[in-house]
Every structure is written in structure tokens, then in C-alpha cells.
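Turn these sequences into a full structure, and let the hints steer you where they fit.
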Amino acid sequence: MLSLKNKRKRNNTVIPGFGLSMGITITMLSLIVLIPLCSVLLTLSDTTFAGFWQNITDEQTMATYKVSFSCALIAAVINVSFGILLAWILTRYQFPLKSLLDGLIELPFALPTAVAGIALTTLYSDKGWIGALFDKIDVKISYTTIGITIAMVFIGIPFVVRSIQPVLEKLDPQFEEAATVLGASRFRIFCKVILPEILPAALTGFGLAFARAIGEYGSVVFIAGNIPYKTQITPLIIMSKLEQFNYAAATSIALVMILFAFVILFGINVLQAAINKVARGS
Amino acid sequence: MKSKIVQIVLIGLGIAFLVVMLILPLITVLVYALRQGWETFGAAITDDYAVKAMELTLFATSITVVINTVFGLFAAWAITKFRFRGKQALTTLIDIPFSISPIIAGLVFILVFGRIGWANPLVEALGAKIVFAVPGIVLATIFVTFPFVSRELIPLMQAQGSDEEEAAALMGANGFRIFRKITFPHIKWSLLYGVILCTARALGEFGAVSVVSGHLRGKTNTLPLHVEILFNEFNLTAAFAVSSILVVFAVIILILRFIVERRVKSKEG
Chain B
1 MLSLKNKRKR NNTVIPGFGL SMGITITMLS LIVLIPLCSV LLTLSDTTFA GFWQNITDEQ
61 TMATYKVSFS CALIAAVINV SFGILLAWIL TRYQFPLKSL LDGLIELPFA LPTAVAGIAL
121 TTLYSDKGWI GALFDKIDVK ISYTTIGITI AMVFIGIPFV VRSIQPVLEK LDPQFEEAAT
181 VLGASRFRIF CKVILPEILP AALTGFGLAF ARAIGEYGSV VFIAGNIPYK TQITPLIIMS
241 KLEQFNYAAA TSIALVMILF AFVILFGINV LQAAINKVAR GS
Chain D
1 MKSKIVQIVL IGLGIAFLVV MLILPLITVL VYALRQGWET FGAAITDDYA VKAMELTLFA
61 TSITVVINTV FGLFAAWAIT KFRFRGKQAL TTLIDIPFSI SPIIAGLVFI LVFGRIGWAN
121 PLVEALGAKI VFAVPGIVLA TIFVTFPFVS RELIPLMQAQ GSDEEEAAAL MGANGFRIFR
181 KITFPHIKWS LLYGVILCTA RALGEFGAVS VVSGHLRGKT NTLPLHVEIL FNEFNLTAAF
241 AVSSILVVFA VIILILRFIV ERRVKSKEG
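Here the protein sequences come in this chain order: B and D.
The UniProt record's numbering puts the first residue of the first sequence at 1, with every later residue one more than the last.
The UniProt record's numbering puts the first residue of the second sequence at 1, with every later residue one more than the last.
Any given hint could be a false lead.
The calculated EDC-like cross-link candidates involving lysine to aspartate or glutamate, where the alpha carbons are at most 20 Å apart (straight line), are [stated by the list, open to error]:
| hint | chain 1 | residue 1 | chain 2 | residue 2 |
| --- | --- | --- | --- | --- |
| 1 | D | Lys265 | B | Glu169 |
| 2 | D | Lys4 | B | Glu176 |
| 3 | D | Lys129 | B | Glu243 |
| 4 | D | Lys265 | B | Asp102 |
| 5 | B | Lys170 | D | Glu39 |
| 6 | B | Lys66 | B | Asp46 |
Taking CB as the label site, the calculated pair distances span [unchecked claim]:
| hint | chain 1 | residue 1 | chain 2 | residue 2 | range |
| --- | --- | --- | --- | --- | --- |
| 7 | B | Val263 | D | Leu122 | 44 to 52 Å |
| 8 | B | Ile35 | D | Lys87 | 15 to 23 Å |
| 9 | B | Lys170 | D | Glu166 | 25 to 33 Å |
| 10 | D | Val66 | B | Ile26 | 13 to 21 Å |
| 11 | B | Ser45 | D | Val9 | 53 to 61 Å |
| 12 | D | Ile27 | B | Gln244 | 20 to 28 Å |
| 13 | D | Leu58 | B | Phe134 | 16 to 24 Å |
| 14 | D | Tyr49 | B | Gly23 | 38 to 46 Å |
| 15 | D | Glu164 | B | Ser99 | 49 to 57 Å |
| 16 | D | Ala167 | B | Lys98 | 17 to 25 Å |
| 17 | B | Val139 | D | Ile23 | 16 to 24 Å |
| 18 | D | Phe84 | B | Val263 | 24 to 32 Å |
| 19 | D | Lys265 | B | Thr180 | 26 to 34 Å |
Worth flagging that the hints you see were computed from the coordinates, not collected in a lab.
Virtual Cβ for every residue (Gly too), placed ideally from N, Cα, C.
Written out as C-alpha cells, the structure reads:
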């Protein structure tokens, strides 16, 4: 009875349903997410550290990190650049079919990844519409790291645009006008007035796009061509270790990816807190 | 004049990027799907395996959406209507599936229910089959779409506060009545928005499902997996024909999103 009273006091509300909603939330979270995820650690508990280390630093696996990380990094940089550009023209300018294009930004979220994957592969293969153009100057896109990067750009677009857009919408044009009146050049205004405001949002978008690109499978795996040491991505090596029933190796590499995802998630949360602070302050 | 030129250049660059990155792949799907005429297209999408895959995809998607909607509502209620320690941690935990590779989402269910899984003896004792069967596909789909509904609801319900609900509770309304009469009307468009996102991802999930499916044609093949098989068999026309079904779904989802997003902004913002 006393504990119940304490609980009431701590909850500090008369709204019913705390026990029920909390119970369902925790139960579902545990069953669907936490317990299955902990199985990664459970599975690794009979692997020695040396074995684990060998699994995650195996030569072929190291090559996949290189491919996945470098392509994801380049893709995220491209996405941030075009993301800022797209967010800018969608919030500041008027042009025909604007709202159609605005809605289209979400396409990578709505289109199944496998469909995106085979469409990009075909489009950029040496017989595809764009691939054929590049083939003439002897640049191969499908089945190379360029193709992987393009697929990663595709899936990352909405993350960056949708992070920056709301910030630009809220940004008061008064500061830009003031800067213009004071005689600043457009480029200077962008660097000194606009960029600092959208930087946290751009970094959040960068983090989300980067994390998604590293983990992405369907859109990337078709165009990658999956040549070991050259165009094999990390999710694919987990998949192939699983197909060889090498559970220890698959799980070890998965743990590395999970830890990395957590680091990015943590970074984004810190940034988000900073953005909220700015939003509240202004 | 100078600013006009800058504007045109920027808009041109942006549109060119969208055309190359988004619109051309869409057109590719449609053109390749119809390359050998409507008859071949019709045959590909009415093929037995394609129909079975479609049924499985719709089945897994509907279960996923129902479960995640119920979860999302309860989670948002728990997180926004009460004060408790570890709230931020709980919100972050719910978001985990969002940042994890779909391949890992599939892998964890193999580690639980697969041949080497710790829950495997129990599953076998019950005579059930989870991995390489439909339940595994459903579980993996639920995992990857887990945060979608709650993510839409939590910020909105937090912003709205709980004064009205408290007043209703003081007047003696029970929890379900409070939800139905007060909370639900405020959040219905955001809820629908979350459900649409969840549906989109569930329909198209590929990586996670691919790991747990076992790729049994006609049994554990979803539409995206069927697309993969056809593509790997160099049956491009059929692969793109089946893809075009998914493209139609995607376009419907984009349109619905657009409509609902406007409602969310005008009514609840």
C-alpha cells in the first residue's frame, strides 16, 4: 500500500493506465528488440576474445569495412551538399511542380529497397541509359564502388533534406536582409548567417544517412556486384558467413556494426539535444 | 538580375539531381516492365509464385502494422503521460531498430530461433517453425518497423501536454474513454502518418526478411524476395513487372503521405 502511494506520488498524475501501458511497452520492447539483440552477446559468450578478434579483422572482412565506410562517407557528403541545396530551393523558391518534387524526396523511403537496387543496377550498367553514357568514356558504374556510392546516395537523400527543411523554414529572413543591407556578399551571408543555423540539422542528416548507408542491404547489394576484396559490403559478408553456417563470425561482425550504430545514434541524440536547445532559445 | 540567375542555376541543379537520382530509376522500372509488351507483363504478375509472394507480403504487412500500431499507442501513452526515471533511455531503446542494419535484424532471430538458437528446443518441442518460415518473416518485419508509429506520436503528445486528460480523469472517466474522447482526436492524423510509414517499410522490407526466409518459392517468398530471384535468373522483364506492383504501392503511399502530412501540419502543428 505504501509502495503504491509512493508510486502515485512519483508519477504525479491522475491519468490512469500507467501500469498497463508501461507493461505492454516493456514487454513488447523486450520480446521484439532487446532479448533478440542480447542473443548476439549470448552467442558470442562461448567465443574467445582472440577468436572474436580474428573474425572481425579477417582480411576479407576488413576489405568490406573499407568499401562500406568509404562509400557511405562519400555518399553522405554528397547527400549533405545536395540536401542543403534541395532544402534551400524547396523552402525559398517558387517553381513549377515544386510540391510534386517535394513529395518525391520521400521516394527512397517508400520504394522497396530491392526494387531500388535492381532499377539502379540496370540504369547504371554499361547497357543502361546512364551507364552507357559513362561506358563511352570508359567509366564503369554498376558493379564498382561508384555504383555502391550512388545507391547509398539514393537511400540517404530524404534523411538530409527532411532534417534541414524545417530549420530553414523557421529561419527568420531578417538576418539575411540585415546582412544584405550591410553589404555582405551572398556567399558570405550563406557562410556566416545560414550555415551556422542549419549545421546541427545537416550533421544529424549526415549521421542518419551515413548509418543507413553502412547498414543498407537491398538497394546496395545488386549494384555492388559483390566481388570479394573489391565491392563486397559489410552486410553482405554477414549474410555469406550465415550461409556458410559460420555463426560466430557473422555474429562478431554484426556486433561491430551494432556498436558502430550505437555510436552514431548517441552522436545524433547529442546533436538533437543541441538543436532543441537552440530552438527553445530563439 | 544576378540573383535571378543564381536562383535558376540552383533550381536547375536541384531538379537535375532529383531527375537523375529518383525519377530515372522509377522510369527504368516501368519501361523494363513493359519492354516485352502487356502480355508478358500480365503473365509475370499473375504467375503463381508472384501471387503467392503478394499474399505473403500483404499478410506479413497487415500483422506488422496492427501489432506496431498497438505498441506505438501504448508506448506513446506511457512515455508522454507519466513521469518516470529512465524515460529518455526507454525512448532511445525503442529507436534501436531504426539504426541497425536489416541484415542484423534478421540475424538476431536466427540466433534466437534458428538451429543454434537458445529458444530452438522450445520451438521444436511445440512443433512450430519460426526461422525459414512465415513467423520468422513476420517477426523480422515487426522488428524493422518497430519505432515508426511511436516516433510520430511521442513528440506530438509531448507537445500537447496532458492537462485535458488529467481533467477528464478527475471527472472520473476511465482510461479507454479518455483516450477515445480526448487523446485520439488530437493524434489521429499523426497516427495515420506513422501507420503509412510502417506499411511502406513493411511492404518493401528485403534484408531482414531475406535472412530469415529460407527462400522457399511459393512458401516464404515475399514480393521483394521474388524480385531478387527473378533478377538473379536474368529474367529482367518479370523482375521489373513484379517491381512495378511495388512501385504502384510506393506511389500510393507517397500520395497518402502527402495528404496526411498536410493534415498533420494544419490541424496539429
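Does the hinted range 13 to 21 Å hold for Val66(D) and Ile26(B) at CB?
The hinted range 13 to 21 Å holds for Val66(D) and Ile26(B), with Cβ atoms some 20 Å apart.
Quick one: are Ile35(B) and Lys87(D) within 15 to 23 Å, going by C-beta?
holds (21 Å)
Quickly compare the C-alpha distance for Lys265(D) and Glu169(B) to 20 Å and report which way the hint goes.
holds (13 Å)
Taking the CB of Leu58(D) and the CB of Phe134(B), does the distance hold inside 16 to 24 Å?
violated (39 Å)
Honestly, do Ser45(B) and Val9(D) meet the 53 to 61 Å range at C-beta?
holds (58 Å)
Hinted pair, alpha-carbon criterion (20 Å max): Lys265(D), Asp102(B). Please report holds or violated.
holds (15 Å)
At the C-beta level, are Phe84(D) and Val263(B) separated by a distance inside 24 to 32 Å?
holds (27 Å)
For the range 38 to 46 Å, tell me whether the beta carbons of Tyr49(D) and Gly23(B) fit it or not.
holds (42 Å)
Hey, Lys66(B) versus Asp46(B), does the alpha-carbon distance stay inside 20 Å?
Not satisfied, since the Cα-Cα distance of roughly 28 Å exceeds 20 Å.
Cβ-Cβ distance between Glu164(D) and Ser99(B): within 49 to 57 Å?
With Cβ atoms ~34 Å apart, the hint is violated.
Need the status of pair Lys4(D), Glu176(B): alpha-carbon distance at most 20 Å?
Status holds; Cα separation ~17 Å.
When you take the CB atoms of Ala167(D) and Lys98(B), is the distance between them in 17 to 25 Å?
Violated, since Ala167(D) and Lys98(B) (Cβ atoms, about 43 Å apart) do not stay within the stated range.
Checked against the numbered hints given earlier, the structure breaks hints 5, 6, 7, 12, 13, 15 and 16 and satisfies all the rest.
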